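There are 4 protein chains.
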Amino acid sequence: MSQINIAVIVGSLRRDSLNRKLADALARLAPPDVAFHQVEIGDLPLYNQDDDGAQAPSVLRLKAEIAAAQGLLFLTPEYNRSIPGVLKNALDHASRPYGKSVWGGKPGGVLGISVGAMGTALAQQHLRNILAYLDVAVLAQPEAFLQAKEGFFDADGNIGEASRGFVQNWVDRFIAHVKRHI
Amino acid sequence: MSQINIAVIVGSLRRDSLNRKLADALARLAPPDVAFHQVEIGDLPLYNQDDDGAQAPSVLRLKAEIAAAQGLLFLTPEYNRSIPGVLKNALDHASRPYGKSVWGGKPGGVLGISVGAMGTALAQQHLRNILAYLDVAVLAQPEAFLQAKEGFFDADGNIGEASRGFVQNWVDRFIAHVKRHI
Amino acid sequence: MSQINIAVIVGSLRRDSLNRKLADALARLAPPDVAFHQVEIGDLPLYNQDDDGAQAPSVLRLKAEIAAAQGLLFLTPEYNRSIPGVLKNALDHASRPYGKSVWGGKPGGVLGISVGAMGTALAQQHLRNILAYLDVAVLAQPEAFLQAKEGFFDADGNIGEASRGFVQNWVDRFIAHVKRHI
Amino acid sequence: MSQINIAVIVGSLRRDSLNRKLADALARLAPPDVAFHQVEIGDLPLYNQDDDGAQAPSVLRLKAEIAAAQGLLFLTPEYNRSIPGVLKNALDHASRPYGKSVWGGKPGGVLGISVGAMGTALAQQHLRNILAYLDVAVLAQPEAFLQAKEGFFDADGNIGEASRGFVQNWVDRFIAHVKRHI
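Top to bottom, those sequences are chains A, B, C and D.
Read in my numbering, the first sequence has 56 at position 56, and its numbers run on one by one without any break.
Read in my numbering, the second sequence has 77 at position 77, and its numbers run on one by one without any break.
Read in my numbering, the third sequence has 59 at position 59, and its numbers run on one by one without any break.
Read in my numbering, the fourth sequence has 175 at position 175, and its numbers run on one by one without any break.
Don't read these hints as lab results, they were simulated from the structure.
Don't take every hint at face value.
Which copy is meant is left open, so a pair is good if it fits within one copy or across any two.
Unchecked claim - Below are the DMTMM-like pairs computed for lysine to aspartate or glutamate, each with C-alpha atoms no more than 20 Å apart in a straight line:
id	residue 1	residue 2
1	100	50
2	21	50
3	100	143
4	179	135
From a predicted model like this one, the values you see are computed outputs, not experimental measurements.
Could you put the whole structure together from the sequences, leaning on the hints where they help?
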């Protein structure tokens, strides 16, 4: 039987991005029947509606990866009290052209880590508005506004002991949510 | 005496963008002591924090144009119930590196046109959250959620008769707001 | 076999409220196995945390009605670009005391009618943020930002011909969403 | 010369409300030419548009106090990721009837304290949307998302040493903002 394929979208391009580290760590918490695949969004052009008839190869690749996924996982930092432009750019690309969005109908989850938990909370509020419109069925609770404290990641890049229970529970709830929708 | 310089940021790259047409038309409604300059955002890279120490020439140009302006005018379409990724990308670039944002302390205005007025309204709600954080003093009222009805623009690209009074009043209020802050 | 019970919460106390008229009309579009019951929120006190240990009879009644429902339907007007205080007050009461919220885990739908469709759109954006926290699984699409045009209601208070198809489809999708969750 | 009168609206009715304690402490940080007056909102009825022609005495009192103020200070806790219904109810009352809002044109400030700073941050995001519509010129920066840590208040109810500098600076900036607008 084939694995459930979760497309993971990390909203930061920074090499040492906390949210990318979090995505790496989450992938190791998934059960054997679920695979997390990170989707590249750093090679996309800036979205321009004039290109809707001839989407760039990177856009077509992104759309194919989303279309092939059974669930969506968004990890967002906060830039200026909202989601990064780079993440919104990816959301815009894969929603186009009109009527050809690949987001619709999929189950999703939203979480994030930032230096203060407040940052990702504000970003996630905007992201939930956008995903509702894109017809992604986003897990409501538990919320996950993670704070990058000392020891959040251990030396091997796993979730440190103090937060592991919380994060494992979030992953379990997210996967149950995905399975209920497919 | 020198003119007041308003940097105009249009949130769409489309050649025939309604918001770009609106920006063109607004520029003609300004009094002689105020000049509106559109700022290019389509040549920016995707923001990546790793580049904060060596911002691209297009980013430095954007920041110089914002820094030189006495007021800011944002025209935003709605993409997926929020502002376009391309606009957020520009906001992110010019807010960085930490402590070197060029947005802070300037007076601003927000408006937009969309096929249904609801679209730009939802986008403007997010944009106001972001601009508050960037310390832009945004004109509160009047709001301008413009709807691209038949005849909104006349044959010469000016605001058509039915909407001219409303739009001229908005421009007058915006300019009074800018002058009160400088 | 018993009917599916949908608790309907109307965010306005006005006697001739458009959203109450809409709630009345929606109830007639439900199939025989689904019943819509409007929940009174106009007799609640203002929420005060000091009363958490001794909730008023009207609060206990509200909580019992929500607890007994298999689905939740929110009809919200817009007051000052958000949901009415009276609706938020009801949401707050039934979420308390801490750990005793009755909202969690239920499927829900959000719609509304206003003079301009933009009004309810802005209110619904805030309402969705709140309901996500309350762990209500809100139908993402279709959105319903209804505009109170001439003829929206017919002489008998039913949805007029021009909008009936759209509204019936919304109700069908909402009921399918509820059934998927119970 | 008369004092500048700031109307202070606390969004919680709880007797030992953290935000009320904060309001009390802030009042002592004001310079001699500025007076902070707390406005009662716990005696208001639930807003009902049918009463617009005959507003209750408590509503008329609230409106008179707001009308007499030169500046507005909002202290909001977070209830369910937004502002309390009781605060929204007060905002709704004093905005009515149509054309008779008393909020418009006044300078304002928004801050709040909660157990996690994230709570008040999410509430303030909604409050800023509402106040923009009500034409309140809200101070953009500095933000104040205060966290109720041990020692935030000292034994006399003043701001404790660790936070005093931050809060005094916020008050100074807020008062400068009010003075610039009157």
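Taking the hints in turn, this is what the structure says about them:
no. : hint       : result
1   : 100 to 50  : within (15 Å within a copy, 33 Å between copies)
2   : 21 to 50   : between (35 Å within a copy, 15 Å between copies)
3   : 100 to 143 : between (30 Å within a copy, 18 Å between copies)
4   : 179 to 135 : both (17 Å within a copy, 18 Å between copies)
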